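Engineer: Sequence:
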Amino acid sequence: MSPANATEIEIAGGEEGDKFEVGKIYDVKLTTGIEFKGIVLAYDPDPHLVIFHILSDVKIITVVSLSLRLRLVENIVGDSFRTIPETGDSMNTRMVNENFISTLTYIGKCKDPLASKERWIDLSGLEEKEAIAIREIESIGVGVTAEAQKVFNDLSKTKIESIGVGVAAEAPKSFDAFSKTYPIEQDLVVEILPVPVMRARDIIVAANMALKKKIFAQKISRATNGAYFLMDEKMRKVAVFKPEEEEDGCSRKGEKANREVAAYLLDFPKDSEEDGFGGVPPTTMVRCMDFKGDREKRWAKGSLQQFIPNKKWYVHGERSDAIFSIQDFQKMTLLDIRYGNTDRNQDNILNKEGKLIPIDHGECFPTEFDRYRLDWTVWEMAEIPYLTEMVEYVKTLDVDKDLEILRTNGIELGGRAVFVFRVQHMVLKLGVLGGNVPKDIGHLLTHPLSGGTSESLGTLFHKCMTRNPTDVTLLMDSLHDSIKGVLQWAREERVLRREIKSIGVGVTAEAQKIFNDLSKTLPVQWVNKDILVSGKVRIRSPYHDDCVTGGTATARNQIKAVLKKVRQELQLGTGGN
Numbered sequence: 001m002s003p004a005n006a007t008e009i010e011i012a013g014g015e016e017g018d019k020f021e022v023g024k025i026y027d028v029k030l031t032t033g034i035e036f037k038g039i040v041l042a043y044d045p046d047p048h049l050v051i052f053h054i055l056s057d058v059k060i061i062t063v064v065s066l067s068l069r070l071r072l073v074e075n076i077v078g079d080s081f082r083t084i085p086e087t088g089d090s091m092n093t094r095m096v097n098e099n100f101i102s103t104l105t106y107i108g109k110c111k112d113p114l115a116s117k118e119r120w121i122d123l124s125g126l127e128e129k130e131a132i133a134i135r136e137i138e139s140i141g142v143g144v145t146a147e148a149q150k151v152f153n154d155l156s157k158t159k160i161e162s163i164g165v166g167v168a169a170e171a172p173k174s175f176d177a178f179s180k181t182y183p184i185e186q187d188l189v190v191e192i193l194p195v196p197v198m199r200a201r202d203i204i205v206a207a208n209m210a211l212k213k214k215i216f217a218q219k220i221s222r223a224t225n226g227a228y229f230l231m232d233e234k235m236r237k238v239a240v241f242k243p244e245e246e247e248d249g250c251s252r253k254g255e256k257a258n259r260e261v262a263a264y265l266l267d268f269p270k271d272s273e274e275d276g277f278g279g280v281p282p283t284t285m286v287r288c289m290d291f292k293g294d295r296e297k298r299w300a301k302g303s304l305q306q307f308i309p310n311k312k313w314y315v316h317g318e319r320s321d322a323i324f325s326i327q328d329f330q331k332m333t334l335l336d337i338r339y340g341n342t343d344r345n346q347d348n349i350l351n352k353e354g355k356l357i358p359i360d361h362g363e364c365f366p367t368e369f370d371r372y373r374l375d376w377t378v379w380e381m382a383e384i385p386y387l388t389e390m391v392e393y394v395k396t397l398d399v400d401k402d403l404e405i406l407r408t409n410g411i412e413l414g415g416r417a418v419f420v421f422r423v424q425h426m427v428l429k430l431g432v433l434g435g436n437v438p439k440d441i442g443h444l445l446t447h448p449l450s451g452g453t454s455e456s457l458g459t460l461f462h463k464c465m466t467r468n469p470t471d472v473t474l475l476m477d478s479l480h481d482s483i484k485g486v487l488q489w490a491r492e493e494r495v496l497r498r499e500i501k502s503i504g505v506g507v508t509a510e511a512q513k514i515f516n517d518l519s520k521t522l523p524v525q526w527v528n529k530d531i532l533v534s535g536k537v538r539i540r541s542p543y544h545d546d547c548v549t550g551g552t553a554t555a556r557n558q559i560k561a562v563l564k565k566v567r568q569e570l571q572l573g574t575g576g577n
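For the sequence shown, full-length UniProt numbering assigns the number 1 to the initial residue and increments by one for each residue that follows.
Errors might be hidden in some of the hints.
Pairwise CB distance ranges (calculated) [claimed, not checked]: (1) Asp481 x Pro194: 18 to 24 Å; (2) Ile531 x Val472: 52 to 58 Å; (3) Gln568 x Ile405: 45 to 51 Å.
Just so you know, these hints were derived from the structure itself, not from any lab.
Values in this document were obtained by computation on a predicted structure and should not be read as measured data.
We put the CB at the ideal spot given by N, CA and C, even for glycine.
Whenever a hint applies, use it, and build me the whole structure from the sequences.
Structural biologist: Laid out in structure tokens, this is it:
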């Protein structure tokens, strides 16, 4: 866990400093004020560890974690090492030896790199081995009796470290405050994103405290892939952990975890404590130890997402989607179109006291155009035009900035997925800014499932690919024109359908105007010349407030407001067809 004053790593000095390589030299500055120059001896992107040889007379090696932790160890031989305790503070080795990187500046390369034999270090299981080494250092009682050693071992189970003998009265309080930020015990849930997700701190701390008390994770039985509830000390669910090793249906392990994290990173406003635009719960990448309580203790990498309690909003296929606001619904549709969701269904749409929360985004950012699933295309709200707030949001989106955010956090979608992501971004902008409703755009993506009459995105891509098999620029231009044409056709067809529905045989001018005004914002149609319906709401002649029945109170009030406006206009003589 990083302290509040730790900054993101900055690498300067040109292209040569963009990545770690053996033999490169960096100038490193820590938040404690310590500075040193060091040669990279080894680098492992997972679990993000780099080992420096400090250029000084002191023969030590510094192990620096890219999650902003630094530890000092003695010279390493093979994969063996021992943590150096601070003089007089051996009981608090883990606390006093943790510093944080402030800046990292590239200097150059060694003219004569160290021999491979001297710089080869096996980093596998480094953090776990270090923790064991620390425990061994603390438990070695030099020259003590067996009885004394047992006394030490039993006392240490109750955190003997926290007992300050002969310290000032305020010292224990300072120690406790420090320990909340820098846990003295080894964390069992460790965030490994290069740029930490600040809103995930509380759930990581809560899960750590529970696991240390042997409150293990609960497997989610209905999940397609491996998924577990992590608990807090009071046995309350705080997070959902999805280990990479239990992913199914992907070409390589980790794809779905990366996509879960990507969905949050691209939805969440940078440097803000507010909710993301689409409402994706805080999600990060972690390494978790002993979360199942197995005998074999080893690290498992995967995505960690805040747990959201859900109040069921559908029963036996009967939806009650009217409980959600049009704002929340439209934000979800923008999210799904932008990410290319291939599995949006009622089970991953949560109801948090009436607020729509979208989850399960491991099936987003696909590599093909023919696997989309967007069940919301059949919702009545899918035929309502996008609100101004949504249109303005789409104008701000930049696919290149999105990809840079992912790269900064160590997430690479892969060339094919990046291309599909760019096309989905094109579809979103052409559709929303062109005036299409969610249903139009959703049908363009899901045509094989929806049974519509327009061409699907996959069909358009294959046609354009046939015409431009090698030139990506021409292919994108061709796709742009084809997508624009299909969406325009969908808009024209929708207007025609509305006009057909608006022909009320024998209706009055007042009734026709009521229909016209309602249809600007709501799906509405005639039952007969005296009755209109909008969803589950019925509006009967003579169209007074007491003639509006059924549906929700919110829907009825919205319709009553339109009726009032029409009556006022007709009385003033400003109405008409």
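Engineer: Hint by hint, note whether the structure agrees.
Structural biologist: Verification of the hints:
1. Asp481 x Pro194: 18 to 24 Å: violated (39 Å)
2. Ile531 x Val472: 52 to 58 Å: At 55 Å between Cβs, range holds.
3. Gln568 x Ile405: 45 to 51 Å: Holds, since Gln568 and Ile405 (Cβ atoms, about 49 Å apart) stay within the stated range.
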